[in-house]
Every structure is written in C-alpha cells, then in structure tokens.
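Hints are included, so try docking the two chains, each in its own frame, into the full complex.
So the sequence lines, in the order shown, correspond to chains L and U. So the first sequence is numbered by the numbering used here: it starts at 24 and just counts up by one. So the second sequence is numbered by the numbering used here: it starts at 4 and just counts up by one.
Not one of these hints is a red herring.
What follows is a list of derived Cβ distance ranges for each label pair: (1) L/Glu-407 with U/Leu-165: 44 to 50 angstroms; (2) U/Tyr-154 with L/Ala-64: 39 to 45 angstroms; (3) U/Leu-165 with L/Arg-218: 45 to 51 angstroms; (4) L/Leu-36 with U/Phe-93: 40 to 46 angstroms.
Derived pair list, reagent style BS3-like, types lysine-lysine, alpha-carbon separation capped at 27 angstroms: (5) L/Lys-496 with U/Lys-9; (6) L/Lys-252 with U/Lys-126; (7) L/Lys-496 with U/Lys-233; (8) L/Lys-114 with L/Lys-235; (9) U/Lys-143 with L/Lys-114; (10) U/Lys-127 with L/Lys-252; (11) L/Lys-114 with L/Lys-252; (12) U/Lys-200 with U/Lys-143; (13) U/Lys-143 with L/Lys-235; (14) L/Lys-235 with L/Lys-538; (15) U/Lys-97 with U/Lys-200; (16) U/Lys-127 with U/Lys-97; (17) L/Lys-235 with L/Lys-252; (18) L/Lys-332 with L/Lys-114; (19) L/Lys-573 with L/Lys-496; (20) L/Lys-538 with L/Lys-252; (21) L/Lys-252 with U/Lys-143; (22) U/Lys-150 with L/Lys-235; (23) L/Lys-573 with U/Lys-9; (24) U/Lys-200 with U/Lys-150; (25) U/Lys-150 with L/Lys-538; (26) L/Lys-496 with U/Lys-235; (27) L/Lys-538 with U/Lys-143; (28) U/Lys-200 with L/Lys-538; (29) U/Lys-126 with U/Lys-97.
FYI, nobody ran anything at the bench for these hints, they're computed from the structure. As the structure is a computational prediction, the values presented were derived from the model and not from experiment. We put the CB at the ideal spot given by N, CA and C, even for glycine.
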Amino acid sequence: MLDIAPWKRILILLVTLIGIGLAVPNLFYGRVEAHNDAISAAEKAGFATPEQKAAEAGWPGFLPSTLINLGLDLRGGAHLLGEVHVQEVYKSRMNSLWPELRRVLSEARDQVGAVRRVPSPEGTLAVEIGNPDQMARAVELARTLAVPVASISGAGQTDLAITAEGNRLIVTLSEAERVATDDRTMQQSLEIIRRRVDEVGTREPTIVRQGKDRILIQVPGIGSAAELKSLIGTTAKLTFHPVVGRGTDPNARPGIGNILVPSLDEKGVFYTLEETAVVTGEDLTDARPSFDQNGQPAVEFRFGPSGAKRFGAFTAANVGQPFAIVLDNQVISAPVIREAIPTGSGQISGSMNIDQSTQLAVLLRAGALPAQMTFLEERTIGPELGQDSIDAGRLAAIIGTVGVIAYIVASYGLFGVFASIAVSVNVILILGIMSLMGATLTLPGIAGIVLTVGTAVDANVIIYERIREELRKGRRVGPSISTGFQEAMSAIIDANITTFIAALVMFFLGSGPVKGFAVTLTIGLVTSVFTAIFLTRLMIAVWYERTRPKQLIL
Amino acid sequence: MAFRLKLVPDDTRINFFRWQWLTFGISAAAMIASIIITLTMGLNFGIDFKGGTTIRTETTTPVDVGTYRQALDGLGLGDVAITEVFDASFGANKHVTQIRIGPQTNAQAVTPEELTEVEAALKKVDPNVTFAAVESVGPKVSGELIKTAFYSVGAATIGILLYIWLRFEWQFAIGGVFALVHDVVLTVGIFSLFQLKFDLTTIAALLTILGYSINDTVVVFDRLRENLMKFKSMPLIDVMNLTVNETLSRTIMTAVTTAIALTAMLVFGGDVIRGFVFAMLWGVFVGCYSTIYVAKNIVLWLGVKRDWSKKVRTDAATEAEGHGTPFSDMP
Chain L
24 MLDIAPWKRI
34 LILLVTLIGI
44 GLAVPNLFYG
54 RVEAHNDAIS
64 AAEKAGFATP
74 EQKAAEAGWP
84 GFLPSTLINL
94 GLDLRGGAHL
104 LGEVHVQEVY
114 KSRMNSLWPE
124 LRRVLSEARD
134 QVGAVRRVPS
144 PEGTLAVEIG
154 NPDQMARAVE
164 LARTLAVPVA
174 SISGAGQTDL
184 AITAEGNRLI
194 VTLSEAERVA
204 TDDRTMQQSL
214 EIIRRRVDEV
224 GTREPTIVRQ
234 GKDRILIQVP
244 GIGSAAELKS
254 LIGTTAKLTF
264 HPVVGRGTDP
274 NARPGIGNIL
284 VPSLDEKGVF
294 YTLEETAVVT
304 GEDLTDARPS
314 FDQNGQPAVE
324 FRFGPSGAKR
334 FGAFTAANVG
344 QPFAIVLDNQ
354 VISAPVIREA
364 IPTGSGQISG
374 SMNIDQSTQL
384 AVLLRAGALP
394 AQMTFLEERT
404 IGPELGQDSI
414 DAGRLAAIIG
424 TVGVIAYIVA
434 SYGLFGVFAS
444 IAVSVNVILI
454 LGIMSLMGAT
464 LTLPGIAGIV
474 LTVGTAVDAN
484 VIIYERIREE
494 LRKGRRVGPS
504 ISTGFQEAMS
514 AIIDANITTF
524 IAALVMFFLG
534 SGPVKGFAVT
544 LTIGLVTSVF
554 TAIFLTRLMI
564 AVWYERTRPK
574 QLIL
Chain U
4 MAFRLKLVPD
14 DTRINFFRWQ
24 WLTFGISAAA
34 MIASIIITLT
44 MGLNFGIDFK
54 GGTTIRTETT
64 TPVDVGTYRQ
74 ALDGLGLGDV
84 AITEVFDASF
94 GANKHVTQIR
104 IGPQTNAQAV
114 TPEELTEVEA
124 ALKKVDPNVT
134 FAAVESVGPK
144 VSGELIKTAF
154 YSVGAATIGI
164 LLYIWLRFEW
174 QFAIGGVFAL
184 VHDVVLTVGI
194 FSLFQLKFDL
204 TTIAALLTIL
214 GYSINDTVVV
224 FDRLRENLMK
234 FKSMPLIDVM
244 NLTVNETLSR
254 TIMTAVTTAI
264 ALTAMLVFGG
274 DVIRGFVFAM
284 LWGVFVGCYS
294 TIYVAKNIVL
304 WLGVKRDWSK
314 KVRTDAATEA
324 EGHGTPFSDM
334 P
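Only chain U is shown next, with the shape it has when bound in the complex (with noise of 0.2 angstroms):
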C-alpha cells in the first residue's frame, strides 16, 4: 500500500456544534475585544492613510537611531519616528532604517527643500548612507484613500453577500457574511493590537482574507445543500455535522497549502511585504475557523426552510443550474 500523508482521518465523526455556544462565545467575545482595541488602541496608520513621507535608509554601518533622530531634530519636522529594521536576509553590512515623518501643514506631500533639507542631513551624520525609497502621500489624497479602502472592503462584502444570496438562500447568505465580518474585525483587532502598519497593502490582505473565507465558506455551503436534498429527515444540526465532517479533509488540505504558500512569503520574502503576508496568514486561520464556527452556527439558529414539498422543486431548480447543465458536458 502506498504512502498517503492523511492530517485528517478518512471517516471523522467529530460533533462540531457540541461546543456552539461556546465557541461563538468566544467570537463574539473575540470581535468585541477587537473594537475595544481598535478603539482604544487605534490603528498604526501608514502614510497612505495618515499623509507625510517615509524614507527608507540602508547603510553599511550599523545604525545608532539616536544619532539619526538628534540630526533630524533641529529640522523642526515635527513628529518623526525612526525604527531599525531586522530581517534575516540582510546581509551582516546592511542596515535599515525606516524613517516616517508626520504630514506637514501644506496640501503637498513634502516639500522638495524639506527632503533635501533630511537627507543632507543623515548624510552628514553617515556618510554612506543611501535613500533606498522615499514616498510621500499628502493629506489630501490620504483622506480619500481611507474612503475608497472603506468603500472597497464594503462593496466586496455586499457583491459577495449577493452572490450567495442568489446562489444559495438568505440563511446562508447571512451566515457566510456575518463570518466575513468576524474575519475583518478580528484581523483589524489583532493590527491593533500589535501595531502593525495599518496602509493600503493591508486593505488587499483584507480584500483577501474577504475572498479566502467566502471561499472556504461556499465549498461546504456546497455540500451542505447537497446533503440537504440527500437526507431529507435528518435534523439540521446532524446535516451540518456530517457536512463539516466530510470536508474537513480538503478545508485542513486547502488551508496547510494556503499556509505553506505564504510561509514562505512570511520568511523569505523579504521586510518589505512581510506585513501583508501576515495579514493573509492569520486570515487563512480566522477564515477556516469562522467557516465552521460562524457562519454555519448562524445557519443553525436562522434554520433552513425544510418544506420538503416546495423544497425539493426550489432546491432541484437551483442545481440544475448550478452544476448540471453548463458545466458537466465540458471535456
């Protein structure tokens, strides 16, 4: 018998909603924990959403960012932060700092003087110092940015909302958008929490997370339908059960793929994304849980109309639709 990597048992038996309380507890505890953080907390804008500049300075000494704030100081920039930047793949003479200075008054990004004004003087204070990347959003276009990221997040989810909407029923439609929401809120809690640079890379994370989870969601809304129409007495709580059991296998295999994939990213991809790669890891975990423990909770308790006599007809309709007819007569 050849060898077969199984993570998951071929028959699994396991009572997912034995705990449903519980674990929504634990959701709904954890997104109310997240807004308390974002609120309280706030979130580490960058400059795509908060305006002024950010410099990138790489050298082949090692840094003293004391040394570097006390040049910067007489400048009267304002609010200047400068943080070292570590990452594996530095070579032993590379150093990184990221600069990040505050928005200035005008509705330009920065003035020219200003820059030169800072470079001239780190070059003063480290000579070998190089501006590997200066950008610069001005107050103007930040605040616009914001709303359109707003917008984005928002229209995804409702495009998504009617999607399943159509596709499936209400109930589910429901259940899989209120689990995007879950995965938003708690990815935005845990930037929060830690701080991470919170900027327009992170919005397409987002959007990502936004398309894994519903994703992940439909696949088992998929079989749960199906299921639906094969065990027509069985009660809803068993149905979903069973569903949750025969998918777990590919959830488990799509997710350590998903996972393997940007572990790699995480690790060798280099300082610069590596917030972003986060972003969509831990959003491959929240979506997976949010699948079987959100979504499919809250099609528990809004229920399925189970009439079989009317049921059956809709339910026959819909799948003729979906994967009878235009897809099976393919090559």
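So here's chain L without its partners, still in its complex pose (with noise of 0.2 angstroms):
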C-alpha cells in the first residue's frame, strides 16, 4: 500500500498543483473581475479604451482567471421569481383567428348562413351560424384555417380544436398545440427578459425557466427587486386600434369584438377600439426618443415590412379616421389620420418628459412580454450586507480551520500535520472546482465548507485510529500504515456516499441556500475523498520511504 508508483505521484501532485491555480484568482478577486470584465466589454464594443486596457493588464493574460461566482447574498442583487401567464396567449390568438375565420365563414355565405361571434369562455371562440343543418360544412370550412403543429410530441396534430354544439362552432387551441405555445411563450418571455436586463448592462445576470410557467431572475449588482421589476415587469405592449367610439361612461359595453380602454392623459375618457389590433408591437424594428412637433418628448419607430405594409393599407383607407395607440392597456393618443403612412414610421406623442420617452423607446425596441408576469417571489440584498457576510464568513473559516488543524495535530503529532495539509488542499480544491465551473458560491455554501473542513477530517481520522489498532496490536511500521488505509476504505467510501447521497438529494430538489449548499457539500466530498486517501497516502509514503522508522507513535 505504501509503494505508489511514480506515474501516479506525479498524477496525484498535478491534481493538486491544478487545482491550487484554479484557486489563486480568487485570492486577487477584484483585479481579475476588471480584467475579465475589460476584455468581455473590449470584444463587445470592438476597441479597448485606456481604462479598459489597464484593467486588463492588471491580471497576466497566460494565469487563469475564472472565479467563483458569488451569490446574491454575498455580492448584493436582486432576485426575482415571476410566473407567466401562458394562457393569455390562447386568448390573443382566438383573438386574431376571428377576422380568418369570419372571411371564410362568410365566403359560403349561402350554405351557412350569418355568421356572428358569440360570448364564450377566454382562450375559445365560440361563433353561431345561420344554419345549423349546415354544421358540418362550417366545421370543414374551419378546419382549413388548422395547421399540423409543429412539435415532436404533437406530431400529426393540428393546432386547433373544432367542436360543434347545436347552432354553435367552438374553436380552441387544440392540446397539443397548447404545450407547444406555452413553450415558444416562455422562450419568447425569456429572451425579452434578457434583453431587457442586458440594455442596463450589468454582470452575468441569471434568468433561467424553472418548471412550466416560471422564470427565475438574479441579477447582481442592482439596487433593488422594484428597480429589476420595474425593468423587466412593464409589458409594454404596443398597439394600434381602429377607434370605433368615445365617451366617459367606464361601464359601457363596448360590443362584441371591441374592448374599452382608458385614456392615458384625459382622466375618464374612454375608448371604445375594435379588439383586433392593426399592427403590433412585434411588428417594430426600432424605437427611439425624439421630440414631436411642438417640443415634447415623444418616441419615433419603424415598422417591419410587413407591419409597414399593414399599417399603410389601413391609414390609406381610414383617412380621416382617428386610430388609437395602445400601450399596456391605456390608449396613449389617438391622432386622426391625415394621410397614408405608407414609411411604416410614427411617432408616439403624449405627457412625458425625457426619461419616460427614453424608458419608453427602450422597452418598445425589446419587445413585448407576449403575456404578463406575476411575481411570486422578490429578494433584495443590500451590497454591504453581502461584503458583511463575506467578511464574517472568510474569518469564521479561517478560525475554524485553525482550530480543526491545532486539534488534530495535537492529536496525531506529525500524522496530523498531514492531514491538516491535507484539509488545506481540500478546501483550496474546492475553491478551484467551483472557480472551474463557474458554480456560484452563497452564505450557506461557505457553511459547506467549514462543515467539509469538519467531516474531512473524519477520512484521515478513520484511517489513523486503524492504524494505531494495528500499531498498538504490535505489528510493524510498515505493514501497520499499509492496513489502516486498506480497512478504513470500506468505512470511508460507505461513509461518503451516504452524505453524498444526501447532497445530490438537495441539490435536485432544493432550491436557493439549499441548493449552494448542496454545491459545495457535493464537491467537498469528492475532494476530501481524494485528499484523504490520495494525498495523505502520499505524504505518508514519502515521509516512510525517508525515514524508515523502526517505531510510530501515533
């Protein structure tokens, strides 16, 4: 057991030796953060400025430079959870079906008879026809609009459902298509999300989909949660309405197909706009802030192609006509259409000043949430506490070491100088794994590891008390160290696999603290397996091959 070959020393020093570079960066945290985020700017923006380029040069380019991620907790941020309201989107696109669906239904006018859209549930479109003996025509004129949905797990469905009930057609999403529209609404959300995040600027925000209909945000660095919230939470939805009327009566009924929508700027006016809307927001290539005609701040944007097309063809035949901006649910301005717009470009004007119309651009030019987003959960963590918790954290973990390491060498005497080298080497290995990986380390991980710094201890002890057993059975050095590492395996592993078991528990189904906690536990163990029974055995190996002693006092 003592005699390791050469190539494995080499191996297992090489372990170490990586591992110890891997955590040096941390030692110079704020240096190689500028350095990494001078060089991540340089390639964004194309050139260094002199600023950035002595950051970079403050950390030498050829040592490696990934660090540990810290939490929230311990950098300060803000943490969000929001849910999205998937089921909105079958609403708008019942919605939208309804103009397709009148033309063809009316195209066969004289089979089915008037057709007539009808109140029903949100997300179905329910619509009565003329001739009820003609059902099954309108169910086949319907299905025309379908199309196969494009997913793997609803192949060779399509995307609506088409019922007939007496007089009435029903059209939904169909199953299928339900999932796959949750889907792209979620990717859709989360992508506008990190662009959102991203036109701020700041580092290596988390945004994540957790389950079906959830997104997690953390965003270091950030003053608040309301701050991030107000940020990403406006939908900002963008849209432009046929106005049918106007009036100050908030209870109304606008009529089948309309909806009635507030004034921004007139307090109780309301207007009464066709619900389907001309173009949308989707539809802009870009927004940005200007002045309108007579000095205040308004928002200048472009369609796309096809929003231009769309928005030429109605203003062309709507001259004279007032046409409603929308935004999130509150008619900006109204304008009556003095000509054709066939540009595809306007201009939002209405009571903001500079800031509002440059928030305003920003969020138009991200695009829209494609449906709203409740928020389940916010944390906040002031930067100063995070540094507190750092600083208390760093120096509980260094007097915990001290202690740990002045108790086991009192105990084992030059044995316990091993393993205390040994523990050092552990915790700087997992400072370097999790720098590799780019694991995030929070309050409760630092936790781990002084908890790591505890158990680690328990391999060598396992291992020395087998030893002394055999020493003190009166066997020989050599043959007593061989033994104490080769009955103490069992234990050892058995030992570590059952918290390793415990770890990977929480690390699935925990979420937050438990999670960084179940990080650090997961890669103490494997790292503390490794010093224990590799590099312990070594120094022991090395130190009994020097000095042959005749006798052990352990």
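Shown next, in the form of structure tokens:
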C-alpha cells in the first residue's frame, strides 16, 4: 500500500497543483474581475478604452482567470421569481383568428348563413351560424385554417380543436398546440427579459426557466428587486387599433369584438376600440426617443416591411378617421389619420418627460412580453450586507480551520500535520473546482465548506485510528500503515456515499440556499476523498521511505 | 515520548448497553416531547414557508423598536413583527432590526407601493436607516416550498435507507433510518421549543444532519459487520459493545473537529446564518448520540441473522464487493 508508482505520484501532485492554480485568481478577486470585465467589454465594443486596457493588464493573461461566482447573498443584488400567464396567449390567438374565420365562413354565406361571434370563456372562440344544418360544412371550412403542430410530441396533430354544439362552432387550441404555445411563450419571455436586463448592462445575470411557467431572474449589483421589476415587468405591449367611439362611461358595453380602454392623459375618458389590432409592437424594428413638432418628448418608431404594409393599407383606407395607440391597455393618443403613412414610421407623443420617453423607447425596442408576469418571490440584498457576510464567513473559515488543525496536530503529531495539509488542500480544491465550473458560492455554501473541513478530517481519523489499532497489536510500522489504509477504505466509501445521497437530493429538490449548500458539500465530498486517500497517503509514503522508522507513536 | 492529545483512552471497555432501556426510554421520551412541543407551540416559519416580507434595516443610531412599530401601525399591514438583532460582530454604531410583515391577501409577494410606503415611514422616524435586505415570498410559492422541503427530507431518508439495505442487512437499514428520524424529530423539536426561525436554510441544515448522522452510523456499522465475522460465537451485545469501544475514539475525534469548525461559524459567521449553523451543531451532538443509543439498540433488538454456515458466505461476498477489489488496488 505504501509503494505508489511514480506516475501516480506525479498525477496526484498534478491534480493538487492544478486545483491550487485554479483557486489562486480568487485571492485577487477585484483585479481578476476587472480584467475579465474589460476583456468582454472590449470584445463587445470591438475596441478597448485606455481604462479597459489598464484593467486588462491588471492580471496576466497566461494565468487562469476563472472566478467563483459570488451569490446574491454575498454580492448584493436582486432575485425575482416570476410566473408567466401563458394562458393569455390563447386568448389573443383566438382574437386574431376571428377575422380570418369570419372571412372563410362569410364566403360560404349561402350555405352556412349569417355568422356572428358570441361570448365565450377566455381562450375559446364561439361562433353562431345561421343554418345549423350546415354545421358540418362550417366545421370543414374552419378546419382549413388549422395547421399541423410543429413539435415532436404533437406530431400529426393540428393546432386547432374545432367542435360543434347545436348552432355554435367552438374553436380552441388543441392540447398539443397549447403545450407548444406555452413553450414558445416561455422562450420568448426569457429572451425578452434577457434583452431588457442586458440593456442596463449589469454583470452576469441569471435568467432561467423554472418548471412549466416560471422564470427565475437573479441580477447581481442591481439596487433593488423593485428596480428590476419595473425594468422587466412592464409589458410595453404596443398596439394600434381602429377607434369605434369615445365616451366617459367606464361601464359602457363595448359590444362583441370591441374593447373599452381608458385614456392615459385624459382622466375619465374611455375609448371603444376594435379588439383586433392593426399592427402590434412585434412589428416594430426600431424605437428611439425624439421630440414632436411642439418640442415635447416623444418616441419615434419604425415598422418592419409587413407591419409597414399593413399600417400603410390601414391608414390609406381610413384617412380622416382616428386610430388609437395603445400601450399596456391605456390609450396614449388617438390622432386622426391625415394621410396614408406608407413608410411605416410614426411617432408616439403624449404627456411624458425625457426620461419616460427614453424608457419607453427601450421597452419598445426590446419587444413586448408575450404574456403578463406575476412575481411570486422577490429578494433584494444590499451590497454592504453581502460584504459583511463575506468578511464574517472568511473570518469564521480561518478560525475554524486553525482550530481544527490545532486539534488534529495535537492528537496525531506529524500525521496530524499531514492531515492538516490535506484538509487545507481540500478547501483550495473546492474553491478551484467551483471556479472552473463557474459555480455560485453562497453564504450557506461557505457553511458547507466549513462543515467539509470538519468532516474531511473524518476520513483521516478513520485511517489513523486503524493504524493505531494495528500498532497496538504490536505490528511493525509499514504493515500497520498499509493495513490501516486498506481497512479504513470501506468505511470511508460508505460514509461518503450516504452523505453524497443527501447532497444529491438537496441539489435536485432544493432551491436557493439549499442548492448552494449542496454544491459545496458535493464538491467537498469528492475532494475530501481525494485528499484523504491519495494525498495523505502520498505524504505518508514519502515520509516512510525517507525515515524508515522502527517505531511510530500515533 | 511525544505528546498526544487523547480524549478517549486507548483501551476502553465501556458497557454501552447496560442502560439500554433507560437510554432508549430517554430517546423515546425526547421524541414524544418534541412532537408534542411542535404540535402545540408550532414552528416559527420564516417567509419561505409562510409567505410575507422581511426587511432588514441598518442604522447608525440606537433603535427604538416602539417608534418603528408606531411608524408602521398606520399602514394597515396586519401582522407586523419587529425584532432588534444583536450581534457581537456589529460595531458600536451599527444597529440592526428585522421587520416581518405577514402575507398580504394578493398572490403577489408584496406590492411595490406597500414596500415604498413602509420604507418611507421608517425613513421618516429615522433618516439614517438603510434597507440591507428586503425579501418577499408570495403565498403561492411558500406552499410549494414547504412541499418540496418535505419531499427532499423524505427522499434523502429513503435513498439512505435503500443504500444501507443494499450494503448491509435490513436490520441495519431500519436501525439507521430510525436514528435519522430520531435526529430530525429532535431537531425540529428544538426549533419549536426555542421558536427559532424555520426556513429553507433550516431544511438544508436538517439534510446535513441526516448526512452527518448516517455517516457516523455507517462507520460504526461497517466495523460491526467486520467484528460479527471475526467473533462468530460472541453474543451480539458483546460484539456491539466491542465495536462501539473500538470506534469511540474516531467518533469523538470527528465530532470534536466538526464541532470546532461549526462553533467558529456560530461565533464569527455573523447573525445571518446563525440559526442554520446552530441546527447543524445540535445535529452533530444528536447524531453522535443516536448512533450509539438508537441505531444499535434497534439492531440489537431486531437481531442479526447469525446462521454462520450461510452467513459467512454472504458476508464474504459483500466484503469482497465492498472493500476488497475496487479500492485496495488504487495507489
């Protein structure tokens, strides 16, 4: 057991050295971080400013520069858990389907009779037809609007589920399409949130989907969750609608296919609009802050080709009529169309200041969230608290490590020194592996490292106690050490696997602090087995070869 | 002769099972007491599990909790709890309070308006106040968090049960898991008794206690299995006593090192994670106790099949699998 092949020795040392090398940049956290930031900023911009060059030179490029990701509880920042109302999309899909369905059915008017939309639950489209006996024909016509679902699970299905009930034709999204739609909605929301968060240029935000309809957003360095929320939570859904009427009664019945929308700057005024929008914000290609002809802040926007075409056709057909610009369910303005606007560009003006117009332009440019979000969980951690926690954690880790080392050295003498080196290397390896993986270190994670320091000694203790027993039986030093290692192995492996099971469960089921803790605990288990079994043995082997002791006091 | 610190003498012959009924009785009584305490006093659930908002304020001037409460009274927030936090690591001009606002009726965590109102009201009575951390959890999520927390503790227990069962005998698995349940129940009991904040980090601590406690149990079981093969005709109770004595030094050694590390964290780690570290420290002690007095008592009562003609063969097979081949050839 004590003769270790040279290449194995080299391998053990190499792993240790690589681990230490990976951990080193964390000692110079500020400098390395500035170096990394400067490089990525320069890459993005295509050139480097003198400050960026200086920051880049602050850390030599040939050294490893991966860092441990500090969690929000250590760095400060905001955490949001949002739920996307994916069902909202069903509703808008049905609303946009209605004009098409009306067109298809009214072309066959002589067969199916008059067509009329009737009230129905959200996400379904109910249509009454004049000749119920021709329902089969109506269903057949409606089916022509359905397209196959393009997803693996939904293969062979179409996107619409069409049923008949008496004289009513009921259209909903099919099950497969709902799944596919939800998925698209989530991806789109993620993308839009990512773009909006990127606009403010913070470092390494975490934006991930959680479960079916949730999104977790963590942004380090941002002032508060409220700030983050106002940045991403604003739906900024821009639509242009034909105006049906204008009034002051908030309870007026707008009629089927119409909606009642309050005005933003005229209190108590409500517009009745056609629910189906002519153009939506999704057709926008550009939006930027500007000023209107009166010198008031405004937002100038431009549509893409298809949006421009629709906008042009609509304005050409409705000269003299008002149209409403609706932002997040409020009419911003309802100008009268003076002439056709074929270029697809326009202006939103209303009562806003320069900040607001800038903000609105950002939101429009980033696109609208496809559905509304509710925030289920929000946390803000101030940067000072984070720094306090790091300081406290560091102090505790140092004192804990010193205490443990003092105790094992007092108990096992030279072998205790070996164990202490192994434990210290263990901590360094944990930090190195975490840097390499870009894992996030949280406050409970620090506690996990401290606990690992405590239990990492366990493997050494099991081995040493075995060696003691062998020595007590009067065996010679070499064989005692060999047997000690051999006999301890089963207990070490069993003990670590059981802890590993607990850590794995924490990682997969846990969230937040539990997960952070599980990460360091898991890495710590692996590294502690390495240091206790390989590194300690290497040290003892080298010591044994050199001194060839006749006697060992342990 | 070199100095060696030895908390446990080389050759101990303590009869751990002399008081087996008494110790087991104490364990059982402590468990029942814990359950009763938890049921009657309840747990001081943090916002993770209950929903609501916590605000951590920091200010340079001494805090009068009464003024804060008055400032917030008019806002109609319902259940508001304000506690001042004291910690050795704070400087003389650092005063911290923890404000907890019960869940409001909406599904959202908290409305930004409410939060702004609270912050403005506090600023009014103390212009120096800063908000070091603000956390809100909506009632919808908190319910789910409780559920996953329960699942995770349950899943970890089942995973460990299966592993011990595969690796040892079913009696060991039952003994080990019973010890785990004992530790978890006692820890929950302590949290209820002292009304310590019970949140997600506490669950992390509980899972760690599971890991630590079973770690300890498995090391002793491992030796027990070995001794059962070595001393084939010795009564089970004697083999167990021998095993505990043999491993006692290691048990104490590991418990002490872990306790040193955790105590450092408890004293110097700051108030933010104190509850979490406390739970783990307590778990180390309970885990140590339960290994000796709960897990093995149960194995003793269940008995281990000692039909040696068959037993030796199966055990040898397990041994060969366990620490024979795969590991002894490594460097």
